[in-house]
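Student: Below are the chains, spelled out letter by letter.
Number of protein chains: 4
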Amino acid sequence: MTDSATTTTGYEAIQEWQEQLYQDLHRNPELSMEESRTVEVVVAQLMEWGYDVKRIGGGVVGTLANGDGPTVLFRADMDALPVEEATGLDYASEAPGVMHACGHDVHVACGLGAARLLAEQKQQWSGTYVALFQPGEETAEGARAMVDAGLADAVPRPDVALGQHVLPGVAGTVSTASGPVLSAGDSIRITVFGNGTHGSMPHLGVDSVVLASSIVMRLQTVVAREIAPGDFGVVTVGAIHAGAKSNIIPDSAELLVNVRTYDDDVRERVLKAIERIVRGECATAGSPEPPSLTYYDQFPLTVSDPSAATVVTTAFEAHFGADKVGHLDPVPASEDFSRIPGAWGDVPYLYWGLGGFSEGAKAVANHNPAFAPTMQPTLRTGTEAAMIAALAYLRPST
Amino acid sequence: MTDSATTTTGYEAIQEWQEQLYQDLHRNPELSMEESRTVEVVVAQLMEWGYDVKRIGGGVVGTLANGDGPTVLFRADMDALPVEEATGLDYASEAPGVMHACGHDVHVACGLGAARLLAEQKQQWSGTYVALFQPGEETAEGARAMVDAGLADAVPRPDVALGQHVLPGVAGTVSTASGPVLSAGDSIRITVFGNGTHGSMPHLGVDSVVLASSIVMRLQTVVAREIAPGDFGVVTVGAIHAGAKSNIIPDSAELLVNVRTYDDDVRERVLKAIERIVRGECATAGSPEPPSLTYYDQFPLTVSDPSAATVVTTAFEAHFGADKVGHLDPVPASEDFSRIPGAWGDVPYLYWGLGGFSEGAKAVANHNPAFAPTMQPTLRTGTEAAMIAALAYLRPST
Amino acid sequence: MTDSATTTTGYEAIQEWQEQLYQDLHRNPELSMEESRTVEVVVAQLMEWGYDVKRIGGGVVGTLANGDGPTVLFRADMDALPVEEATGLDYASEAPGVMHACGHDVHVACGLGAARLLAEQKQQWSGTYVALFQPGEETAEGARAMVDAGLADAVPRPDVALGQHVLPGVAGTVSTASGPVLSAGDSIRITVFGNGTHGSMPHLGVDSVVLASSIVMRLQTVVAREIAPGDFGVVTVGAIHAGAKSNIIPDSAELLVNVRTYDDDVRERVLKAIERIVRGECATAGSPEPPSLTYYDQFPLTVSDPSAATVVTTAFEAHFGADKVGHLDPVPASEDFSRIPGAWGDVPYLYWGLGGFSEGAKAVANHNPAFAPTMQPTLRTGTEAAMIAALAYLRPST
Amino acid sequence: MTDSATTTTGYEAIQEWQEQLYQDLHRNPELSMEESRTVEVVVAQLMEWGYDVKRIGGGVVGTLANGDGPTVLFRADMDALPVEEATGLDYASEAPGVMHACGHDVHVACGLGAARLLAEQKQQWSGTYVALFQPGEETAEGARAMVDAGLADAVPRPDVALGQHVLPGVAGTVSTASGPVLSAGDSIRITVFGNGTHGSMPHLGVDSVVLASSIVMRLQTVVAREIAPGDFGVVTVGAIHAGAKSNIIPDSAELLVNVRTYDDDVRERVLKAIERIVRGECATAGSPEPPSLTYYDQFPLTVSDPSAATVVTTAFEAHFGADKVGHLDPVPASEDFSRIPGAWGDVPYLYWGLGGFSEGAKAVANHNPAFAPTMQPTLRTGTEAAMIAALAYLRPST
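As they're listed, the protein sequences go chains A, B, C and D. Each residue of the first sequence is one higher than the one before, starting from 1 at the first, in UniProt numbering. Each residue of the second sequence is one higher than the one before, starting from 1 at the first, in UniProt numbering. Each residue of the third sequence is one higher than the one before, starting from 1 at the first, in UniProt numbering. Each residue of the fourth sequence is one higher than the one before, starting from 1 at the first, in UniProt numbering.
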């Protein structure tokens, strides 16, 4: 991939196949938990290369047992987004209103590429390689679905789990970090209740608009007063809705709240404070009915294992060159990847970033209708990163 | 009408005709500013009785000049509501989703009944009687439309203007008052602007949900602190809307505010305070764009003239008996009636209530799908009230 | 008093005595519940005129039984204020920091004047006259003290109770009204508790400043949303105090709240709402200790009896002339007078205003250090008003 | 000091002298900017050892030029606190209400100890040593006073500046860090203006209690919404004061606000947001007068130089043993030390922590009346730390 690479991976032999595969995936995006076509593509390929293939919870796991040694799991997510593509690419989405705007097609293509190279080079390593393809990451459903469907029993316990995400960095680079790399994310749908009445007779009701507004103001104190200064915590009320006419006081109001944290204690503290404030304000208002709080889109914290970070970063620097391996700063996005290693309790894991854009080109953020990673060297780097990280565990030390 | 009535009105002769007319109107309700069929009914009748008829601004004015003497104007409104009727009446609405749920069909029938009786009894009075039928009261459009279309030039300046409304009182009774009887009503659509951003990066934007909530809290101080205790003023935020997802901070938020007052000074004070607070909070928030405030559904204050109240109440008591004439307490509903006498500057006016429900029966509030005044004695009382009030001015004193 | 007066009162004979008495009282003001010297003056005079005198709860009651007929009670309050006099009068206060700045010296002088005239003219009336002199009105203590000390048992139940107050109106005039004339007043000392901590570590405590501020904002909704528009209600937070240094979060915060209402139902509603809001906000804040709410300076509602208003107003108009008798608009001040008739349950009462300033002169408000009613015709009008009002009940109709 | 120490410092020879000196300083604490006795002690000692001594801005600087080489400045602060000592020590404060409760007596004793050892061992090093003794740290006045009095001209520009603080750690240990170690601190006295009025007539005034409370609520959004999540920022309203009586709406309200930050950009952002919010809320309230914001007790950020941290930490580990050298976590306290190196523009500096309490003993926090560091090995460690850090620059490399 670069002159400084000290390892040959045999990538050239699969490049044309992979680029075609990638374009096919990009043309045929599927929404979360509806990835049936993608699953068929993945299953067919893994079986062709001799993997023991299982369909679990809407996803696929291919296991390649290759003698004694550690077990390494590499996870790719498969779902697309309800976005109308606006990239102008030759291979743009053919599904109206659906698009691989988060790059999960890159993840699948690289995951299959690494699975193929490892299958074709079994003489170079020893142990067990598990290629996992997950549905429904965007809705926080997929990893849980696979775990609930018996992932831990279907696959040997890995010694390490690996995952990557294409991001607005320079193609050809990867970035790693130890510790928290992605935040926990929790959304809460809060409905609070008043008593509807004519707008000119407020004393005959309980004003749910005032109640909801008061909650919004009070929620500001959670971050400002209840978590330690410098601790990462975000409480956003992204939506507030109540009423339809100026002169009718509505019965109820709805708030959509999003919480982001990098620490489980802080998360617990924030969620408890939100519940206390919502219930307290309802009492203050004389609300006639308890509030309803429904959690949704809950993403766990992603905390890369320090030892895995050292092992893999060292291998990346050896292969790609130190100038191609950067530091992954924590970002307030969320992932359900960590639920996969969590299936076995406390399997260590590493999650790294994969640059996807030409140097100097304007990077477009994930989820944008114009999100279009450059095919190369993105696919090659993502494929080799998965392979090299796995080999850091599976290659016999000599 | 009652044993104690000291005046004969000749009502019996028109009762059957009027009840048929009323049922026809009830079956054929028309929405505000679309009252074409009703207008044709009114025009045909007034012409039949010898009125000089003009179509003005969607309404009708019939003038009957009958010698020297005062000019008296009686106004009836004609429009129905977008309500699906649920009365079960034989003569229920035949227009899907439209209903005379506010009783304006009673007003038209009584207005025509009085016009007929006065035309048939010209020997009993002297002066000019103006029967005015107004469109679009519910949307505050109709009176203004007639004034803008030249009402003041088309009709002689009245010495007094009269109007009535059927209400949830006992049929056979009327209620009058001097001074403020209906509130001024103002609605304001307020849009405030933030800067949208991802919910996890609030520092990159301006949070329009917090801004809108802060305005709601601050608006509470207008009534609590800025008008004199005991002054009537209501500021209701009937609706608040912003955002769609928990993790996206929205660009803007919308509030629908309703203001009710019984005094022009209080109204001015309240509206100024609202504007000051909205603009002040936008500055506080660092809002990137000035707020937009759009007034709509603005109803003027209705203040019955003390002298007219005395004249008409006395006549009512003489005709109906004192036990049938009550006091009309101010209610926080609104009307555009007062714009009609306002066409000539400061013509005094009186607005009275007409009971519409049998004693002991559960009265159903105006605008309810089950609103169904009892035909009698409601029609007779409403017709005689209009006639007696006019004659209080038009009958030569002997 | 005026040419139109149809009654002679014999006032001229006592004028010099009364003016000396008044100046003596003004020179010797006494604070609430410390009116010992004033009590001695009152007792000595009443005994001299043949009253049956009792000392009750810090006050004095003189009863003059004069044959069959109604019992009329007239009440005057005696206490002065902790104000440093700044009138420049010859007869200014000789007690440093204490002043008759509310005109209770006028009340005592007139009360004694009327008692003397009635005693000297016993042949003109029949019944029982009760001259009551009350301590501690300013602190809402005196009326309650007399009631608690057995007033109801010590004195015959009156048929009517009368009281007056010198106000910034024109001397020589009186003003009466039926219904609510003085508001109920309630003060509440509210202490709310947080957990103190260093200002840089808010997460280790509970911020009592934020809690108190949130309560202030929420209290605005009581008047704005919880009482009927147009109902008189005031909720003022007159003081807020917490903390001493910028970087120490204080343990607790104190609010002083004042409530004014003209209706017992509204008062109950407001007080309940305040308690609900304070407790609710403490729950919202996670306050470690229940709030403390202590009521003080509680004044009852003053609601003049309609029948008494008619009887006395008619007598005033007959005596003073209709042009000297005005309407007493309700003012948001408070009094404990109504506790006196309340001692017997539901004795009707009337409370009127007494003008105290020369026409054209700038009236100075009660409680101001420069408050100086003109001696005449204030004293004469106040004396005659008490006498005439009493005689309206006590003079045999012929 | 410990077995693992590889350097001898000659400390034993000065221990008795130093302990006496320390006890004398502890017995004679002096408040900020009143350190005259301490200054005399310092001046006398430095002169005795051959330093070139200058009195500057209430402090003392002793310069020891000893041949070619770098210039190293070591700063100690001298002032005590207005705290009544409650330690029970033999050598407790003899000044009523004043106490060395922050350990500046340790700093002075160690600063003099190091100055003495370096003067006695001039053959071991080459360059210039500057021993600086600063007044008024607690009030943020002293460093500025010395700079304003011409420090930069009076002393050669140092290559590095050093400082230390005794903290609740284990005696015998030191702790260092690179980057921000102490926060910037800013206090703001904010006065906002209303219009006073009687509590029952809020419409005649502008309620400063509501205005101040609204500002407190709005200030919560600064940390919650305007700085990046995870950035360190604290906005505390430590005090709020307005009004004296429940029924008087006060003219003005005062807030004392404290801000803590670890980054100049964040600090600027927070201060601007506070000013915007205060002014915005005053506009919202219709405040009749602009608010007044007065900054006080402003402490700069303390950011240790990375290179100095490496040089000194290495020297500390070599001398004390690695197990005695810990990491200094940033604490939200503040210091004016950085103003001293700031006198010359951008002189790098290092600030380290000195443990002061026996292992297992309960550490008492600075500023507590019971704050009593154990004399040894605290004094020895603090003296040697200053000496070793200086020698890391001054000792010729061989």
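Accuracy of the hints is not assured; some may be wrong.
[Claimed, not checked] For lysine-lysine, the following DSSO-like pairs were computed, each having C-alpha atoms within a straight-line distance of at most 30 Å:
{"no.": "1", "chain 1": "A", "residue 1": "Lys245", "chain 2": "B", "residue 2": "Lys122"}
{"no.": "2", "chain 1": "D", "residue 1": "Lys54", "chain 2": "D", "residue 2": "Lys122"}
{"no.": "3", "chain 1": "B", "residue 1": "Lys272", "chain 2": "B", "residue 2": "Lys362"}
{"no.": "4", "chain 1": "B", "residue 1": "Lys362", "chain 2": "A", "residue 2": "Lys245"}
{"no.": "5", "chain 1": "D", "residue 1": "Lys122", "chain 2": "C", "residue 2": "Lys245"}
{"no.": "6", "chain 1": "A", "residue 1": "Lys272", "chain 2": "C", "residue 2": "Lys54"}
{"no.": "7", "chain 1": "A", "residue 1": "Lys54", "chain 2": "A", "residue 2": "Lys122"}
{"no.": "8", "chain 1": "D", "residue 1": "Lys245", "chain 2": "C", "residue 2": "Lys245"}
[What the hints assert, rightly or not] Label-pair ranges, simulated between beta-carbon atoms:
{"no.": "9", "chain 1": "A", "residue 1": "Gly150", "chain 2": "C", "residue 2": "Ser292", "range": "30 to 38 Å"}
{"no.": "10", "chain 1": "A", "residue 1": "Lys245", "chain 2": "B", "residue 2": "Gln376", "range": "43 to 51 Å"}
{"no.": "11", "chain 1": "A", "residue 1": "Ser36", "chain 2": "D", "residue 2": "Lys272", "range": "52 to 60 Å"}
Just so you know, these hints were derived from the structure itself, not from any lab. Quick caveat, the model's predicted, so the values are computed rather than measured. The C-beta atom is built at its ideal place from N, Cα and C for all residues, glycine as well.
Student: For every hint, state whether the structure bears it out.
Tutor: Here's how the hints hold up against the structure:
1. A/Lys245 / B/Lys122: Violated - the C-alpha atoms of B/Lys122 and A/Lys245 are around 48 Å apart, more than 30 Å.
2. D/Lys54 / D/Lys122: Holds, at roughly 21 Å.
3. B/Lys272 / B/Lys362: Violated, at roughly 41 Å.
4. B/Lys362 / A/Lys245: holds (27 Å)
5. D/Lys122 / C/Lys245: Status violated; Cα separation ~48 Å.
6. A/Lys272 / C/Lys54: Distance ~65 Å between A/Lys272 and C/Lys54 Cα, so the pair is violated.
7. A/Lys54 / A/Lys122: Answer holds: A/Lys54 to A/Lys122 is near 21 Å, not above 30 Å.
8. D/Lys245 / C/Lys245: holds (23 Å)
9. A/Gly150 / C/Ser292: 30 to 38 Å: violated (58 Å)
10. A/Lys245 / B/Gln376: 43 to 51 Å: violated (35 Å)
11. A/Ser36 / D/Lys272: 52 to 60 Å: holds (54 Å)
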